[in-house]
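Please build the complex by placing chain B on the supplied structure of chain A, with the hints as guidance.
Below are the chains, spelled out letter by letter.
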Amino acid sequence: MNDERIEQLLRKAPRSPAPAGLLETLRKDITLPRRMEVRPMNPTGATPFIWRWFPTVSFAAIFLACIVAIAVQTNQITGLKQENATLQTSAHSLEQLRRDNTEYRRLKAAHEELERFRRDSAELQQLRSEVMQLRAQTQEIDKLRAENQRLALAGQQKNEVSANDDFFARNDNALENARARAESTACINNLKQIGLAARIWATDNNDVYPSGWLAMTNELSTPKILVCPSDKARTAANEWRQFSSANVSYEFLNPNGTETEPQVVLARCPIHNHACLSDGSVQQLGKGRSIARNANDGKYYIVGQPRSNPDGDTLDQQQKREEMENVLKRHGPPRPALITTNRNGVIVIEPLKPSYE
Amino acid sequence: MSDHVEALCHRAKAGDISAASELVGLFYQRIFAYFRRLCGNDDDAADLTQKTFFKVWTSLASYQRRSSFSTWLHGIAHHVYVDWRRTNKTADSESDEWWETRAAEGPSPFEDAAERDAAHRLFALVDRLEDRAKEAVHLHYYQGLSLQETAEALGVATSTVKYRLREALEFLRAQTKVPTLRPA
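Residue numbers (this note's numbering), protein chains in the order written: chain A, 12 to 368; chain B, 112 to 295.
Think of the hints as simulated: they come from the structure by calculation, not from any bench. These figures come from a predicted structure and were not determined experimentally. We treat Cβ as the ideally placed atom computed from N, Cα and C, and that holds for glycine. You may find that some hints are simply not true.
The following label-pair restraints were derived from C-beta to C-beta distances [to be verified]:
id, chain 1, residue 1, chain 2, residue 2, range
1, B, T198, A, Q19, 31 to 41 Å
2, A, E15, B, G266, 41 to 51 Å
3, A, L34, B, S170, 32 to 42 Å
4, B, D242, A, R22, 18 to 28 Å
Isolated chain A (complex conformation) (with noise of 0.2 Å):
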């Protein structure tokens, strides 16, 4: 059976009747609302206005605001493009500024430790100057000495002048006090050389000290100064090749320390008691101190209080007051004497008898 053949047949479906009573009773069922609003119809059978036209309206409304909207994000993204620009010039001159401040600190960390080697240069220089002249009182001490031993000798000789011995062993007494103060003040002047010399080997060296004298041998001027100029028991090299433990005086206590613990003792005199410590400042130590080794790091520490004196003199004057203590005990109280000069022009002199004798 072909298709035509078969929808001609299936045209031709009989059609059962309704039974009888089904009309009526969709009549009965029929509900109508009572007032529907009803729009008049178009007699002409035209399609509105809106309906016709309402593909097109709709599309350019969907056309128009697609062009909206990618004008929006058009502008979002310039805003975001000048923004981000905005932001990396920022962060470039953050760069810029970052490396000016470190290099700003370096350079100010530099200028600060010219500024200190500058002080202790300048101390140092003072020091010097005091050791020349400490040195030129003592050649003129010297001079006056042997001036002194001549006449003796002549006094002697002309037994004019047996009186006198008092008065000459005093001044030998005081002579021997300033030759130890310039000796004292020179051997400062050798430890304040050790803690610079250590403490530009320091700066070179990551902060660390060396760990003997042989390793600072660029940074000392010379071997002389490691011998105590009290140390009559050792002699200076002249050169660091004939450098040994022999030409030193002085005890290194503070091998491959840091600069970070500045109250550690680098270097000390045994003779004079003087101690270095590793801020490159030089203490002189006197009584009631001293240096003493720390059992927790095994460093060595400059322990004690300075005595104090009842009298508020400093340590120089209370020096000299033990001297002349010592001069009193060994000789007795000082008594009057007449100077004159003989007929040879020699200073003669008389101590004069007390009164009641």
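Structure of chain B alone, referenced to chain A:
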């Protein structure tokens, strides 16, 4: 006819009972026949017809004349049938006696007994079609709707209706080629 129906519909929307009654008289037999062929019995077909017209009256205000009233009415009937199928059992298939009874009541549309036999076999095969193809055959061939009206009633595209009808015809053609054994 179409203008007359549209005028009646307009009057019914305005609340004219007589116009609504006339609309019922014009369409109730087609709708009943549609349901009768699909459901297979008179009672269900009458119930569904009543439901269909009830929905017509309650939805008449939403009728915008985008399609003809007949198409709109068949669309409502289609949805009523789908709802009924969803909640009820499957439809009874028509028996050969029923088809013969329907044919015997009025003047026979078939020319001879051979054509009548072929038609009965064809109608029985239509009942075996898949639901969607069967609905398309019912609306297009049995109810006499055009392809566009059938598509609007089913809520699908015209091309879909054509495809379903072509499938149905292929099935029917294939089935009618094989001679069926009839009981002696």
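Okay, the hints, checked on the actual structure:
1. Checked against the hint of 31 to 41 Å, the C-beta distance between B/T198 and A/Q19 comes to roughly 36 Å, which is consistent with it.
2. Separated by about 29 Å at the C-beta atoms, A/E15 and B/G266 break the suggested range of 41 to 51 Å.
3. A/L34 and B/S170 have their C-beta atoms about 21 Å apart, which leaves the hinted 32 to 42 Å range violated.
4. Look at B/D242 against A/R22: about 21 Å separates their beta carbons, and that is inside 18 to 28 Å.
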